[in-house]
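Protein sequences, first through last, are from chains F and V. Using numbering that gives the first Met the number 0, you'd call the opening residue of the first sequence number 0 and step up by one each time. Using numbering that gives the first Met the number 0, you'd call the opening residue of the second sequence number 0 and step up by one each time.
Keep in mind the hints are simulated off the structure, nothing from the lab. Where is the CB? At the ideal position from N, CA and C, for every residue including glycine. Errors might be hidden in some of the hints.
[Unchecked claim] From the derived model, a few chain V residues whose C-beta atoms are all more than 12 Å from chain F: (1) K65; (2) G179; (3) Q265.
[Claimed, not checked] Here are the simulated distance ranges between beta carbons: (4) L120/F to G210/V: 40 to 46 Å; (5) S209/V to I37/F: 22 to 28 Å; (6) A57/F to F251/V: 39 to 45 Å; (7) A243/V to P46/F: 22 to 28 Å; (8) A57/F to A91/V: 39 to 45 Å; (9) K327/V to A78/F: 35 to 41 Å.
[What the hints assert, rightly or not] A few chain F positions that, by computed beta-carbon distances, are all more than 10 Å from chain V: (10) R4; (11) I6; (12) V10; (13) F39; (14) L43; (15) R53; (16) T56; (17) A78; (18) F86; (19) A105; (20) L113; (21) G122; (22) P126; (23) A127; (24) V134.
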Amino acid sequence: MMLRRLITKIVAGHSASFSRMAPYASAVFLIEPTDIPIQFRARLDSPTPIICQRRPTACTWDARIAGPISSLLAMAEGALDGDALFFSREITIEGNTDAILALRNAIDDAELNLPDETADLLGPLSPAAKRALEVAMPIMRPLLNGGIAIRGARPT
Amino acid sequence: MTSSSRLELVCPAGTPAALRTAIIAGADTIYCGFRDETNARNFPGLNFSRAEMEESIAYAHERETKVFVAINTFPRAGEKRLWRCAIDDCAAFGADAIILADLGLLAYAADRHPQLRRHLSVQAAAANADSIGFYTRSFGIRRVVLPRILTVEEIAAINREIDCETEAFIFGSLCVMAEGRCSLSSYVTGDSPNLGGVCSPGSHVTYRESGAELASILGAFTMHRVPHDVPAPYPTVCKGQFKAGKFQGHVFEDPASLDASRLIPQLAMAGVTALKIEGRQRGRAYVGDAVRTLRRFVDDYAAGLPIGGGALNQLSEGQSTTQGAYRKKWR
Chain F
0 MMLRRLITKI VAGHSASFSR MAPYASAVFL IEPTDIPIQF RARLDSPTPI
50 ICQRRPTACT WDARIAGPIS SLLAMAEGAL DGDALFFSRE ITIEGNTDAI
100 LALRNAIDDA ELNLPDETAD LLGPLSPAAK RALEVAMPIM RPLLNGGIAI
150 RGARPT
Chain V
0 MTSSSRLELV CPAGTPAALR TAIIAGADTI YCGFRDETNA RNFPGLNFSR
50 AEMEESIAYA HERETKVFVA INTFPRAGEK RLWRCAIDDC AAFGADAIIL
100 ADLGLLAYAA DRHPQLRRHL SVQAAAANAD SIGFYTRSFG IRRVVLPRIL
150 TVEEIAAINR EIDCETEAFI FGSLCVMAEG RCSLSSYVTG DSPNLGGVCS
200 PGSHVTYRES GAELASILGA FTMHRVPHDV PAPYPTVCKG QFKAGKFQGH
250 VFEDPASLDA SRLIPQLAMA GVTALKIEGR QRGRAYVGDA VRTLRRFVDD
300 YAAGLPIGGG ALNQLSEGQS TTQGAYRKKW R
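Please take these sequences and the hints and turn them into a complete structure.
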């Protein structure tokens with residue numbers, strides 16, 4: 000529920016950026032972090048824009064993006080270049096290439112700060128949550144980059 | 000024309016966010032395009048709406064950064080209005096220059112907006128002094144973006160004979176074809192890169208993982224297959240792998256990016272006015288890294304310091320770089 004609210008908030012809060020995806024708003028994206036046991040199925044024009052599933056769960060999709068969670072998060076925040084991640088084989092893409100390009104460009108233009116976006120959902124607790132995330136993220140990122148073992152994960 | 004002042008760093012932006020990133024990273028000038036087929040980077044979700052362009056030009060000017068707008072595809076017969084409208088809007092928004100390739104658009108811009116600075120796009124493939132002289136005399140071209148087929152010595156020779164500035168690519172994806180005239184991808188996709196603004200459009204691209212091997216497919220043709228530990232290139236025909244007689248491999252060119260940063264002193268000595276970073280289709284991370292690095296190199300050269308190199312390898316296609324035609328080692 001929290002994730003759904005976050006995606007809805009991000010899309011609404013960056014409407015100019017996500018208007019770049021207009022021709023692909025109905026496209027179904029499968030986002031597969033390859034080092035954690037969950038996957039995300041996203042469709043931006045749906046009332047439930049994102050569904051979290053156990054990975055692997057068979058489902059239909061128009062475009063698929065797979066890679067380590069740290070790379071996917073860094074790409075979402077514009078900290079790493081998507082093409083460079085593709086060149087290095089860090090991420091894999093399949094399916095509708097135009098839809099993937101449009102999503103990448105929309106997210107890149109949105110200049111997302113995921114800790115801030117997440118903390119904003121907590122209302123009155125937001126300032127405290129931001130401070131906690133500012134402390135936690137520098138610790139979490141190296142752990143994610145090192146491929147932290149998550150219970151139930153099925154390495155691929 | 001030879002240049003004696005500080006080299007100008009011309010940087011790419013595919014979105015307003017990338018434009019802001021490039022300015023913060025030290026760009027002297029941004030080049031960008033409208034979100035339609037008037038420019039040669041017409042990728043999905045990329046480029047600027049009219050409102051974004053007007054706001055971004057104002058934002059850049061407040062920070063003493065120039066904005067050049069690329070209108071560098073060729074209008075389809077009977078549909079010139081879209082391209083002419085783009086020129087009119089650039090004049091209205093206060094763009095510092097427009098980058099054009101088509102003769103008709105050059106004539107239109109010179110006639111309707113004589114005060115708007117006109118640059119000749121690399122898409123015009125003007126690769127000798129006579130050709131550039133024609134454009135300067137006929138349309139008042141103030142700067143030419145040099146095709147990526149010239150040696151440093153050839154650039155110096157051109158600069159001695161012409162009356163406009165030259166801009167040379169310093170980093171980014173490399174095209175050694177006659178730009179604006181290459182139709183290689185058209186044979187596979189049926190779409191023209193020179194009219195529609197996209198070489199190897201995503202709608203015709205498929206990536207397929209098979210075991211640890213990645214196949215990159217354009218239209219009905221597999222451009223290359225790479226094992227899991229080999230960097231992936233873009234699926235363009237010119238960088239595909241083919242069999243030709245007994246040879247199997249990259250027939251036209253290797254998948255590598257141009258990195259001429261070590262040639263900054265030579266390019267300056269050759270009379271180049273501006274250095275251009277390719278990559279409007281890339282994200283903010285690329286723009287920030289490339290601009291910061293090349294800003295440092297250009298400033299180091301201006302200060303008489305040695306220039307580093309190799310810092311941009313991770314951003315490069317195939318994760319390898321070349322000095323391309325500037326050195327023409329194959330001759």
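Evaluated hints:
no.: 1; hint: K65; in the structure: holds (21 Å)
no.: 2; hint: G179; in the structure: holds (23 Å)
no.: 3; hint: Q265; in the structure: holds (28 Å)
no.: 4; hint: L120/F to G210/V: 40 to 46 Å; in the structure: holds (41 Å)
no.: 5; hint: S209/V to I37/F: 22 to 28 Å; in the structure: holds (25 Å)
no.: 6; hint: A57/F to F251/V: 39 to 45 Å; in the structure: holds (41 Å)
no.: 7; hint: A243/V to P46/F: 22 to 28 Å; in the structure: violated (55 Å)
no.: 8; hint: A57/F to A91/V: 39 to 45 Å; in the structure: violated (53 Å)
no.: 9; hint: K327/V to A78/F: 35 to 41 Å; in the structure: holds (37 Å)
no.: 10; hint: R4; in the structure: holds (24 Å)
no.: 11; hint: I6; in the structure: holds (17 Å)
no.: 12; hint: V10; in the structure: holds (14 Å)
no.: 13; hint: F39; in the structure: holds (19 Å)
no.: 14; hint: L43; in the structure: holds (12 Å)
no.: 15; hint: R53; in the structure: holds (21 Å)
no.: 16; hint: T56; in the structure: holds (18 Å)
no.: 17; hint: A78; in the structure: violated (6 Å)
no.: 18; hint: F86; in the structure: violated (5 Å)
no.: 19; hint: A105; in the structure: violated (5 Å)
no.: 20; hint: L113; in the structure: holds (15 Å)
no.: 21; hint: G122; in the structure: holds (27 Å)
no.: 22; hint: P126; in the structure: holds (26 Å)
no.: 23; hint: A127; in the structure: holds (29 Å)
no.: 24; hint: V134; in the structure: holds (24 Å)
In summary, the structure is inconsistent with hints 7, 8, 17, 18 and 19 from the numbered list given earlier, while agreeing with the others.
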